[in-house]
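Chemist: Sequence:
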Amino acid sequence: MVALPQSQEKKSDVLIIQRVVPHYRAPLFEALYAQYGYQVVVADNFKGSVKSVSVSGEIKTPYRFFYTEYSCHVPLVSIVRQNKPKVIILEAGSSMTSTWLALCWCVLPKAFRPKFIFWLHGRPLGQKTGFKAGL
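If you read the sequence shown in this note's numbering, its first letter stands for residue 1, the second for the next number, and so on.
Please keep in mind that the hints were generated in silico from the structure rather than gathered at the bench.
Beta carbons: idealized from backbone N, C-alpha and C, even for Gly.
Certain hints may be false.
Taking lysine to aspartate or glutamate and the EDC-like style, the derived pairs with C-alpha atoms no more than 16 Å apart in a straight line are [unchecked claim]:
no.	residue 1	residue 2
1	86	30
2	110	91
3	47	13
4	115	13
5	84	13
Estimated spans, in silico, between C-beta atoms of each pair [stated by the list, open to error]:
no.	residue 1	residue 2	range
6	108	24	15 to 23 Å
7	118	12	16 to 24 Å
8	13	69	18 to 26 Å
Work out the full structure, taking the sequences as your base and the hints as a guide.
Modeler: So this is what it looks like as structure tokens:
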């Protein structure tokens, strides 16, 4: 897919937040951008073995995510302030602070928050007990 010139770029009120864009998801994000203008926000410092592929046009300036041994902090407040989306589609990982922050954010009046749509593959198989496994 060829990136559109700046003046013709599609704008959308929807953001997709991903830690990484693996090669097999790139066609999906390119199609969402081409048809609806959905933007993707990614970590510029992902710690896993999968590296983000370059996707034309739809990846905004990558954000610095903060990693610890057991969690990933997504700068959700900064992302919302800078982009002002109406809807955010994000990974619902129990080790991602954006999941917990978005859930807490949902108690605010609708005028002060975007709508959140969570997606996930299911609970981590390694977590058999505990709060996160039950969630």
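Chemist: If a hint holds in the structure, say so; if it does not, say that too.
Modeler: Verification of the hints:
1. 86 with 30: 20 Å, violated
2. 110 with 91: At roughly 21 Å apart (the allowed maximum being 16 Å), residue 91 and residue 110 break the hint.
3. 47 with 13: Not OK: residue 47 and residue 13 at ~29 Å, beyond 16 Å, violated.
4. 115 with 13: 11 Å, holds
5. 84 with 13: Between residue 84 and residue 13 the Cα gap is close to 7 Å, so the pair holds against 16 Å.
6. 108 with 24: 15 to 23 Å: Since the Cβ atoms of residue 108 and residue 24 sit about 35 Å apart, the hinted range of 15 to 23 Å is violated.
7. 118 with 12: 16 to 24 Å: 19 Å, holds
8. 13 with 69: 18 to 26 Å: 35 Å, violated
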